[in-house]
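With the hints as a guide, bring the two chains together.
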Amino acid sequence: MVVADPTMDEPRTQATAEAPQAAQEVLSGARITCRSIDAEGVKTVFGYPGGAVIPLYDAIPAASFKHVLVRFEQWAALAAVGYARATGDVGVCIATSGPGATNLVTALADAFLDSVPIVAITGQVNQSLIGRDGFQEVDITGITLPVTKHNYLVRRPEDIAPTIKEAFYLARSGRPGPVLVDIPKDVFLASAPFTYPTKTGRKSYQPNLVPNMRQVRLAANAINSAKKPVIMAGHGIILSRAEDDFRRFAERSGIPVIYTLLGLGAMDEHHPQSLGMMGMHGHRHVNRALEECDLLVNIGARFDDRATGKVAGFAPNAKIVHVDIDPAEIGKNIRTDVPVVGDAGEALKLLVNEVDQRDHASWMAWIQSERNVALERALDDIPETPEPYAIIKAIADVTDREAIVTTDVGQHQMWSAQYLGIKHGMRWITSGGLGTMGFGLPSAIGAKMGRPDLEVWAVIGDGGFQMSSSEMATAVQERLDINIAVINNGHLGMVRQWQDLFQNRNYSEVAISSPDFVKLAEAYGATGIRVTKSDEIVPAIERARSIKGPVLVEFVIDPEANVYPIVPPGASNSEMMHHPQWVPAEEDL
Amino acid sequence: MQRSHTLVVLVEDQPGVLNRVVSLMRRRHFNIDSITVGHSEQPGLSRMTLIVTGEDNEVEQAGKQLYKLLEVVKVTDIPAEDAITRELVIVKVAAKGPQRAEVIQIAEIYSARILDATPNTLMIQATGSEDHIDSFLAMMKVFGIREMARSGKIAMSRGSMPAKQGRIDRIGDGSYAVAD
Ligand SMILES: Cc1ncc(C[n+]2csc(CCOP(=O)(O)OP(=O)(O)O)c2C)c(N)n1
Ligand SMILES: [Mg+2]
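Read top to bottom, the protein sequences are chains A and B.
Quick note on the numbering used here: the first sequence kicks off at 1 and runs consecutively.
Quick note on the numbering used here: the second sequence kicks off at 1001 and runs consecutively.
So here's chain B without its partners, still in its complex pose (with noise of 0.2 Å):
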């Protein structure tokens, strides 16, 4: 079954890295829909965050791929009942006279804040789930969106213990579990 996957890839911070792991998922055949990089709690660490498509054997196959590369420290599927995912998106949102109050209202609702103003337009920021930036657009979409950045998906396990969970197996035969 094809579904959406969140892998969280922890990288040595070397150049070309990014290169590195977007073309190898390239030349595999593999989606990349989402892809955002940062650092980690762990100097010298980065860490990537791709949402890929695909069946739970291809994303596994994805996952042993990237421990190929050098730098690829950690690969984690982490299971989308255990993701806690954000995404951040900056609007510019037309919103002159009256319609001005109605923006701001709305913006209220979805916890967004203003970051800007001109007479004309308001830049707003939200930040949340991928439902809730869909739905804060969809509302900002009736005023009309001049401009829009969406910052792509982090995600974060559930529980006290880093990204572990959902590990992808990189001996590949069931030996991590007890190997780890």
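Chain A extracted, bound-state conformation (with noise of 0.2 Å):
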């Protein structure tokens, strides 16, 4: 549950330094810039040194924090994200100024449109070199003015520690996200009195927490009188923890429920009332039901167009009911004709009692039979070269779906999402609003350094892999136990499929080679194992789980295999293009 600051007892109407008190210590910048991360009760930070940053860095070893070594800033930014998304802490980059500054912009924009709550702290020039094009200066603040929820230039050491308590709390706060603390050289060079402030806000920012409860009985009433409604669980819920007041919802409401791309895990895939992933690649049920529904309820989704398609054709019979924390995600996308602003778990513990007890057995039925059976029944069968989605379901068997399951993007992900079954919140992390490839290593990284205690999976293509492989290294460094499972179908498979079936097979530039991934692995002091065969995949995942350390697992698959179904870009969801061998029975009249 995301709840106001406990410790904003007051807000503050900006970011200066707290009145000094009797026996403060005076601390240099860089020093009060640890203190600050040790007093957020951060484990730890990803980063990467350089000129500006050496004075923090100089101060790192007496933090009490660990600090990663990464290969490349952007993968510091995105294991960030991981440890933020398997922890629902805040996580932490650091990066020096110019060029480790702007390779941050990638992981930013990706948290960003995910709602992820990280704090980036980067160096900067010397203030008397600002404006003045000096040595590795880049106006940071500027260039992430889009792609942060907020950003600062700290100008005076003692604005560090109540710079940084403001930036913790905007990121993990309201609709979580990115924050930018830049700070110059000097700045960390320069003493100041140092004392963690116990207060932070502005008057001019207050997180919608508790809906208004008006909203709640108009939207409880359109679910008492609904026929044939549907939820669509989104990320809010998850970022909200409230999986149990979501369950709970649900299950007394008796509705179905549908899953965004980051809403899976919202509720367990595997539940009776659970249905799946909806949209440009959902399943054909679930897609089905949102062209018949009459009602739906949106929980902390923020109405993505991969999830809706043409929005003219989306839930076309529907009302809405939408749930979200962010105003101004309120009839962005959609009409709504019911808003409810508000945190998802205060708002679910409102609305849970407000709505009947039902069960919408019938609708339910209707929905199951609209099933691609013969697609489900293909999936038992095992060819002889593993089937991606034979993989997947291997992984998600072996590990119980009780593993945290990281992917990139591409074909492999869309499989993963379909076929995972997952189970629980924070245990699913993908990129979904800038699908930013190389994603899957450094956030597995993350997560492990956050979930030491929960097994670690990657699902990578091999495209994606070679992006950020160079993170092998940190891993085998760091010593994590994590499973990669690169899925190697030689190509850009997601793009592949859009050229086979969109642009008529003219395949432009995705073919794509890759090294000898068992030997890659064992050249950084990981292990490699190849699989080519369907009755290899489980041996291979049970033995990368016994192994120590990071374990690179290649599944080569069919370089021609897409992912189904398939919703044409531009068209609505109720398009949807389906496997040609094994189209839904009517449809095959």
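Derived by calculation from the structure, the hints in this document are not laboratory data.
Since we're looking at a predicted model, the values are computed, not measured.
A hint or two may mislead.
[As the list claims (entries may be wrong)] Here are the simulated lysine-lysine pairs, PhoX-like style, with alpha carbons at most 25 Å apart: (1) A:332 x A:199; (2) B:1068 x A:332; (3) A:203 x B:1068.
This is how it looks when you write it as structure tokens:
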């Protein structure tokens, strides 16, 4: 549940130093930065040093948090994203000025679009050089304006602690997001008295947590009178840590539940009311349910176009209830009949008391009858070459769906979303809004640092793995127990699929070669396993789990396997295309 | 229906805030016809007036997006019938010989003031509504405008209260009326 910072007893008007108290320590800006990060309870930060942060790195050995040295700053920030998404706490990354800072931009955009709480600390050139194109000077606060929730340029050492305090508060409160704090080198070097502030916040920043009861009742009325309702579960439920409240609400109202890509895990996908993912690669019966439903209850999702398809054709017969913590999401993409602005958990706690106990058995039965049985049956056949679905299902079965799974971006990501059967929130970590290739490995590293108690798998394409494979070295250096499934189709598969289906099979620049992954893993000091036959899948997964340290399992699959269903770009969800071999029954006619 | 909206935005007076507002409007594809910034009656708060053209729901979305900027305290979309808007213009007009008297006479009609004079030109200041200024400028054009500076609009709503009516609902569920 996202609640107002308990330390925020009195909103402050702006980030300035606390009044000095007796016997205050005087510390360098660098040490203040480290002490502030420690005061936030951060266990691990991910970073990469350079000129402007040399003073900061001078103070890091004395800090309580652990620093993980990555191989590229973008992966530091995505490791922070993985850490945040696996733990629910704020992830932290550090980069130097100039190229270090610009390398963070993609990851900040990723965190911005997926509402992930991270704080990025960047070094900046000395203030005397700012604006003069100093060596490694870039205007990182200017550059990151559109991809951060907020950012700061700190000008005095006494402002560091209050700024970091506010940055963490902003990152995790309300709709979470990335916050960047840019600190010039001379500010790291200058000294100031240090006490970590106990209060933060601003008059102009008041996240809307508890929804208006009148709106909750309107929503409940709509729910109680609906005949064919569907709940669309979004990332907001997981960010709010409201899975229990959500399940209670779903069970009481008896409404079938469908998921956005990032909403997976809001409730166990094997729950009898769970139907699976919606949208561009949503299951057939899920998109059919959207077409038929008379009420759509969206909880904590932002109606992304990959979920809705063509807006005009989205849930054409439905009234829309939209619960969102961000008022700007209401009506942004989809007209809304009943907006409920507030934290998902708070809204669900109120809603559960207002909705009637019901079961929608016949509606549910209709939806189930719309499953693509032909495809589901085909999944049980085991062809000789590893079938992508079989690999994903095997990972799910062998780990009992308890592992954290991160993915990269592409076909393997969609196969994972369709067939892992996610059981828990915060154990499905994938790049949704930005679709950031390279995400899989660094986010797995971050997730493992945050949750060393959980098994971690990264499912990655051969293309995406080659974007961030440098992080194999980080994983080995940190002796991280992570398992990496590289789904090798010899292609930038998702792009090849679009060229296959929508560009007349004009395969342009999508065939991609790879190094010998087993040798590569070994060269890094990790373990490599290659799987080329179906009957090797499960033994390889089991072996990977039994080996300490990073293990890379390469699965060689059919180079032309496609993800189905697929809604063609710009089309309505109802226009989904099916696997030519396994079309749903009535479409055979 | 596309129409012109007058947004009054109260912001914390912090470095870079104008950049944040303008960058947000550009990024979200909202068109700014005019923007002005200055002090408000409250210390530490600046008042921006943005004239934007768009559908009502687009402008409401712009307001909600503006609220997401940390420094934005209040956004009001002043309804046209309640808005008093003023603009200031300074023009340098060719005014030689017999034309000089004519220019001065017309300036008087528009309650405009002469700020400076040279043998060949007059510098004139006019204030008023957009229509008033447009009409004044149309007259001046006849004589030849050498240079012109327009301030952009500032606006205030009628009545005794500070701009509250038309305040964009930052909550977005209609609860503002109750919750304020
Ligand atoms: C940084 C970045 N560049 C390009 C893309 C576009 N893109 C999306 S999926 C994809 C193919 C990914 O190939 P691979 O990693 O092999 O995964 P596969 O689809 O084959 O499973 C590409 C190029 C992207 N999402 N991110
Ligand atoms: Mg591939």
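Does the alpha-carbon distance linking residue 203 (chain A) and residue 1068 (chain B) stay inside the 25 Å limit?
holds (13 Å)
Residue 332 (chain A) paired with residue 199 (chain A) [C-alpha distance capped at 25 Å]
violated (34 Å)
Within a Cα-Cα threshold of 25 Å, do residue 1068 (chain B) and residue 332 (chain A) meet the stated pairing?
holds (14 Å)
Violated hint: 1 only; the structure is consistent with all others.
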